[in-house]
Amino acid sequence: MLDADFFRRWMTATAASVAREAERLTALDSPIGDADHGSNLHRGFTAVAAVLEKEAPDTPGAVLVLAGRQLISTVGGASGPLYGTLLRRTGKALGDTAEVSEEQLTDALRAGVDAVMTLGGAAPGDKTMIDSLVPAVDALAESFTAARTAAEEGALATTPLQARKGRASYLGERSIGHQDPGATSAALLIAALATAAEAPEAADV
Amino acid sequence: MSDEKLVGIVLVSHSAAVAASVAELAKGLAGAGAAVPVAPAGGTEDGGLGTSAELISAAAASVDRGAGVAVLTDLGSAVLTVKALLAEGDELPADTRLVDAPFVEGAVAAVVTASTGADLTAVAAAASDAYAYRKE
Numbered sequence: 014m015l016d017a018d019f020f021r022r023w024m025t026a027t028a029a030s031v032a033r034e035a036e037r038l039t040a041l042d043s044p045i046g047d048a049d050h051g052s053n054l055h056r057g058f059t060a061v062a063a064v065l066e067k068e069a070p071d072t073p074g075a076v077l078v079l080a081g082r083q084l085i086s087t088v089g090g091a092s093g094p095l096y097g098t099l100l101r102r103t104g105k106a107l108g109d110t111a112e113v114s115e116e117q118l119t120d121a122l123r124a125g126v127d128a129v130m131t132l133g134g135a136a137p138g139d140k141t142m143i144d145s146l147v148p149a150v151d152a153l154a155e156s157f158t159a160a161r162t163a164a165e166e167g168a169l170a171t172t173p174l175q176a177r178k179g180r181a182s183y184l185g186e187r188s189i190g191h192q193d194p195g196a197t198s199a200a201l202l203i204a205a206l207a208t209a210a211e212a213p214e215a216a217d218v
Numbered sequence: 006m007s008d009e010k011l012v013g014i015v016l017v018s019h020s021a022a023v024a025a026s027v028a029e030l031a032k033g034l035a036g037a038g039a040a041v042p043v044a045p046a047g048g049t050e051d052g053g054l055g056t057s058a059e060l061i062s063a064a065a066a067s068v069d070r071g072a073g074v075a076v077l078t079d080l081g082s083a084v085l086t087v088k089a090l091l092a093e094g095d096e097l098p099a100d101t102r103l104v105d106a107p108f109v110e111g112a113v114a115a116v117v118t119a120s121t122g123a124d125l126t127a128v129a130a131a132a133s134d135a136y137a138y139r140k141e
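Sequences listed follow chains D and H, in order.
Counted from 1, the first sequence has number 91 at position 78 by my numbering; the numbering is strictly sequential.
Counted from 1, the second sequence has number 29 at position 24 by my numbering; the numbering is strictly sequential.
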């Protein structure tokens with residue numbers, strides 16, 4: 014069973030990973046976006062880690078709802094409301110129990126991903142974060158490791174796609190040949206989930 | 006007319022200058038009608054390009070006169086942030102609506118309509134109708 018501490022480790026590991034990869038995310042966002050994805054997410058997840066340390070919510074749902082709210086208010090770009098909605102809706106779907114099963118997490122994350130698709134109007138194949146999140150949730154039914162692999166493969170698979178959402182969609186065919194920064198950061202979020210599950214003691218580093 | 010509860014208008018742009026200028030334009034073109042409460046919420050809190058949930062919430066609160074608040078936005082994150090705030094439930098005044106309208110033309114239509122004392126539905130409809138104005 015997964016408790017609030019597990020979910021705090023997930024968010025902390027995501028913050029650390031985004032901090033490490035911020036420059037790469039921004040580099041991916043330079044040719045097809047406005048070159049702020051890494052810095053925006055870094056600001057957001059730094060704020061998430063800070064607020065979780067200060068308020069220390071005691072249920073899995075409360076951890077994710079608080080984290081999501083923080084992203085919406087601090088990121089400043091489209092990834093704020095998108096990731097904020099993902100975490101908040103997942104948290105709400107988890108309810109207020111002290112521990113949740115991996116199966117409950119999978120179902121809740123699916124609800125979160127559905128909410129992101131509704132908010133942004135994106136479907137698989139549109140070259141967005143959805144392209145790594147959907148296969149990740151499907152693979153999560155198998156294991157955390159499988160979810161990490163599926164998310165990374167999903168992010169890589171966005172390279173030949175033409176963007177149909179966001180600023181990159183204005184570029185038309187010129188968006189082809191670039192890996193999507195949103196799918197890449199979503200893969201970091203899922204990888205951090207696996208990190209929290211596999212190596213609890215290392216996740217806070 | 007000064008006691009009348011007018012619909013408030015919030016203009017959300019990625020740029021503080023764009024939001025402020027469109028607010029000024031819309032109020033200027035509204036003419037001598039009642040003074041509609043209009044608040045820009047442009048850029049990030051530190052003055053950069055982007056969207057700030059805090060600025061949007063503060064702007065909406067500042068124009069709320071009890072007759073509802075119409076929010077007009079420009080692109081991407083502005084639209085998504087307002088939708089996410091509406092989904093929160095308690096971040097914006099109770100009767101707040103994201104209006105599907107072109108930013109500049111919709112803002113003028115919304116402010117002019119609100120200045121007549123029209124309700125939120127009429128203000129939103131007028132702003133959306135601005136899409137129908139063709140330029141060729």
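Treat the hints with caution; some may be incorrect.
Simulated restraints, written as ranges between beta carbons of each label pair [as the list claims (entries may be wrong)]: (1) D/THR158 <-> H/ASP124: 35 to 41 Å; (2) D/GLY138 <-> H/THR121: 45 to 51 Å; (3) D/LEU169 <-> H/ALA40: 53 to 59 Å; (4) H/ALA137 <-> D/ARG37: 29 to 35 Å; (5) D/LEU184 <-> H/SER20: 18 to 24 Å; (6) H/SER20 <-> D/ALA40: 22 to 28 Å; (7) D/ALA212 <-> H/GLY71: 26 to 32 Å; (8) H/LEU34 <-> D/GLU66: 23 to 29 Å; (9) D/SER43 <-> H/ASP124: 54 to 60 Å; (10) H/PRO107 <-> D/GLU36: 46 to 52 Å; (11) D/ASP127 <-> H/ALA137: 32 to 38 Å.
Below, in silico cross-link-like pairs of lysine to aspartate or glutamate (DMTMM-like), each with a Cα-Cα straight-line distance of 20 Å or less [claimed, not checked]: (12) H/LYS10 <-> H/GLU110; (13) H/LYS140 <-> H/GLU93; (14) D/LYS67 <-> D/ASP16; (15) D/LYS105 <-> H/ASP124; (16) H/LYS32 <-> H/GLU59; (17) D/LYS105 <-> D/GLU155; (18) D/LYS105 <-> D/ASP127; (19) D/LYS105 <-> D/ASP120; (20) D/LYS105 <-> D/GLU34; (21) H/LYS88 <-> H/ASP105; (22) H/LYS140 <-> H/GLU110; (23) H/LYS140 <-> H/ASP105; (24) D/LYS178 <-> H/ASP51; (25) D/LYS178 <-> H/ASP105; (26) D/LYS105 <-> H/GLU9; (27) H/LYS32 <-> H/GLU93; (28) D/LYS105 <-> H/ASP105; (29) H/LYS88 <-> D/ASP127.
Keep in mind that the hints were calculated from the coordinates and are not lab data.
Note that the coordinates shown come from a computational prediction; the quantities given were computed from them, not determined experimentally.
In this text, a Cβ means the ideal position worked out from N, Cα and C, and glycines have one as well.
Comparing the hints with the structure gives:
no. : hint                              : verdict
1   : D/THR158 <-> H/ASP124: 35 to 41 Å : 56 Å, violated
2   : D/GLY138 <-> H/THR121: 45 to 51 Å : 46 Å, holds
3   : D/LEU169 <-> H/ALA40: 53 to 59 Å  : 56 Å, holds
4   : H/ALA137 <-> D/ARG37: 29 to 35 Å  : 45 Å, violated
5   : D/LEU184 <-> H/SER20: 18 to 24 Å  : 21 Å, holds
6   : H/SER20 <-> D/ALA40: 22 to 28 Å   : 25 Å, holds
7   : D/ALA212 <-> H/GLY71: 26 to 32 Å  : 55 Å, violated
8   : H/LEU34 <-> D/GLU66: 23 to 29 Å   : 50 Å, violated
9   : D/SER43 <-> H/ASP124: 54 to 60 Å  : 46 Å, violated
10  : H/PRO107 <-> D/GLU36: 46 to 52 Å  : 37 Å, violated
11  : D/ASP127 <-> H/ALA137: 32 to 38 Å : 33 Å, holds
12  : H/LYS10 <-> H/GLU110              : 23 Å, violated
13  : H/LYS140 <-> H/GLU93              : 38 Å, violated
14  : D/LYS67 <-> D/ASP16               : 18 Å, holds
15  : D/LYS105 <-> H/ASP124             : 34 Å, violated
16  : H/LYS32 <-> H/GLU59               : 24 Å, violated
17  : D/LYS105 <-> D/GLU155             : 23 Å, violated
18  : D/LYS105 <-> D/ASP127             : 13 Å, holds
19  : D/LYS105 <-> D/ASP120             : 12 Å, holds
20  : D/LYS105 <-> D/GLU34              : 29 Å, violated
21  : H/LYS88 <-> H/ASP105              : 12 Å, holds
22  : H/LYS140 <-> H/GLU110             : 12 Å, holds
23  : H/LYS140 <-> H/ASP105             : 19 Å, holds
24  : D/LYS178 <-> H/ASP51              : 27 Å, violated
25  : D/LYS178 <-> H/ASP105             : 18 Å, holds
26  : D/LYS105 <-> H/GLU9               : 40 Å, violated
27  : H/LYS32 <-> H/GLU93               : 30 Å, violated
28  : D/LYS105 <-> H/ASP105             : 28 Å, violated
29  : H/LYS88 <-> D/ASP127              : 15 Å, holds
The structure is inconsistent with the numbered hints 1, 4, 7, 8, 9, 10, 12, 13, 15, 16, 17, 20, 24, 26, 27 and 28, although it conforms to all the rest.
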